[in-house]
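Asks: So the sequences go chain by chain: A and B. For what it's worth, my numbering labels the leading residue of the first sequence as 195, then goes sequentially. For what it's worth, my numbering labels the leading residue of the second sequence as 10, then goes sequentially.
Hints are supplied without guarantee of correctness; some may be wrong.
Distance ranges between label pairs, derived from CB positions [what the hints assert, rightly or not]:
#1 Pro32(B) x Leu296(A): 50 to 56 Å
#2 Thr237(A) x Gly141(B): 31 to 37 Å
#3 Pro314(A) x Gly141(B): 26 to 32 Å
#4 Thr165(B) x Gly251(A): 33 to 39 Å
#5 Thr313(A) x Ser26(B): 53 to 59 Å
Since the hints were derived computationally from the structure, they do not count as laboratory data. For clarity, every value in this text was computed on a predicted model and none was experimentally measured. Where a beta carbon is used, it is the ideal one built from N, C-alpha and C, also for glycine.
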Amino acid sequence: MTDPRHDRAPGDISTLAEAERGMPSDALVYTSGFVLAVILTATSFWVANTSLIWGPGIPLGLAVLAIAQMGIHLVFFLHITTGPDNTNNVLALAYGILIVLLVVAGSLWIMADLHDNMTPPAEFMNLHMQH
Amino acid sequence: MNIAVIIDDVQHEALPSASVAGPAPKRIVVAYGFWVFLLSDIVMFSALFAAYAVLVNATAGGPTGAQLFNQVSVAIETACLLASSYTCGLMSLAITSRRYVGTYWGAAVTFALGAAFLALELREFAGMIAIGATPQRSAFLSAFFTLVGCHGLHVTAGLIWLIVMMAQVAIKGFRPTVLRRLLCFALFWHALDIIWVWLFTVVYLMGVLP
Chain A
195 MTDPRHDRAP
205 GDISTLAEAE
215 RGMPSDALVY
225 TSGFVLAVIL
235 TATSFWVANT
245 SLIWGPGIPL
255 GLAVLAIAQM
265 GIHLVFFLHI
275 TTGPDNTNNV
285 LALAYGILIV
295 LLVVAGSLWI
305 MADLHDNMTP
315 PAEFMNLHMQ
325 H
Chain B
10 MNIAVIIDDV
20 QHEALPSASV
30 AGPAPKRIVV
40 AYGFWVFLLS
50 DIVMFSALFA
60 AYAVLVNATA
70 GGPTGAQLFN
80 QVSVAIETAC
90 LLASSYTCGL
100 MSLAITSRRY
110 VGTYWGAAVT
120 FALGAAFLAL
130 ELREFAGMIA
140 IGATPQRSAF
150 LSAFFTLVGC
160 HGLHVTAGLI
170 WLIVMMAQVA
180 IKGFRPTVLR
190 RLLCFALFWH
200 ALDIIWVWLF
210 TVVYLMGVLP
């Protein structure tokens with residue numbers, strides 16, 4: 195399916211050579227990814243509803259679970275690996291993640307800053323219905 | 010001596026440079042281009058996520074997320090989309106081994122689960138609009154409908170694409186152009202699931218925290 199002389203296409207499943215070397219079968223890859231994703235999703239819903247975890251730590255826990263599940267999807271469903279034939283795909287992904295982080299963190303930072311600096315004093319707040 | 014052996018091994022593992030190997034096959038070029046498109050699509054979603062995160066408290070005295078979101082419905086939607094991603098993977102396996110029946114079954118289950126997800130989401134939207142939580146009610150609701158609606162539009166496009174692909178498999182068979190499009194569809198469908206992971210985490214689960 196894939197030519198060993200070239201990079202591997204994103205989403206392409208393992209090559210014949212890998213199957214001969216005793217790599218896990220493709221169905222097993224998808225199934226283990228599915229099981230792991232189900233466990234992580236169930237944990238996310240449990241974390242959001244439990245009182246066992248310190249309240250302010252819950253958003254952080256949810257973010258960590260989401261990052262983990264994103265990793266599971268990338269590795270088991272999209273077949274992004276660290277192999278030498280995947281370098282281009284990983285580099286494009288890294289650049290995409292960089293832009294996403296810049297957009298999200300930058301927007302939140304500058305908007306929170308604007309909000310703090312431009313919120314009128316308390317006596318004018320009743321004129322503004324925003325909050 | 011040992012180091013020399015290790016370096017030798019590494020050189021055997023490394024890919025030849027592009028000038029030695031020649032141009033990559035079309036399948037790899039197409040899939041890589043589609044991968045770059047998907048990443049740019051994810052960048053667009055990140056802007057919508059940022060807008061939502063900035064506006065989440067701007068409810069203008071209207072309903073908040075905690076009052077509107079139903080976790081049971083979200084859990085079922087998540088299960089549908091995750092299972093459809095899995096069946097899409099099984100469909101890819103059937104395509105790799107050129108099994109028509111397996112491909113049609115995988116596509117049918119993927120389509121049914123995706124359509125169930127979409128029906129649940131539309132029912133949720135209709136319920137919110139019925140109680141006055143429309144996009145024009147507050148900045149929070151504008152951002153919510155834009156973000157979740159944009160994902161819903163992507164799922165709709167994916168379902169239409171899947172129907173078109175099954176028609177192409179039925180009429181044209183597994184020829185190289187059809188196989189490349191099927192690979193792109195699988196990438197698209199799995200990427201949608203990654204976006205949904207962030208959607209249900211940021212919007213629905215963080216939205217109902219006290």
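Asks: Each of the hints needs a verdict: does it hold here or not?
Replies: Structure-based check of each hint:
1. Pro32(B) x Leu296(A): 50 to 56 Å: Hint violated: Cβ distance 33 Å, outside 50 to 56 Å.
2. Thr237(A) x Gly141(B): 31 to 37 Å: Roughly 35 Å apart at Cβ, these two residues keep to the hinted range, so it holds.
3. Pro314(A) x Gly141(B): 26 to 32 Å: Since proline 314(A) and glycine 141(B) have Cβ atoms about 29 Å apart, the given range 26 to 32 Å holds.
4. Thr165(B) x Gly251(A): 33 to 39 Å: 37 Å, holds
5. Thr313(A) x Ser26(B): 53 to 59 Å: Hint holds: Cβ distance 57 Å, inside 53 to 59 Å.
In this structure, the one hint that does not hold is number 1.
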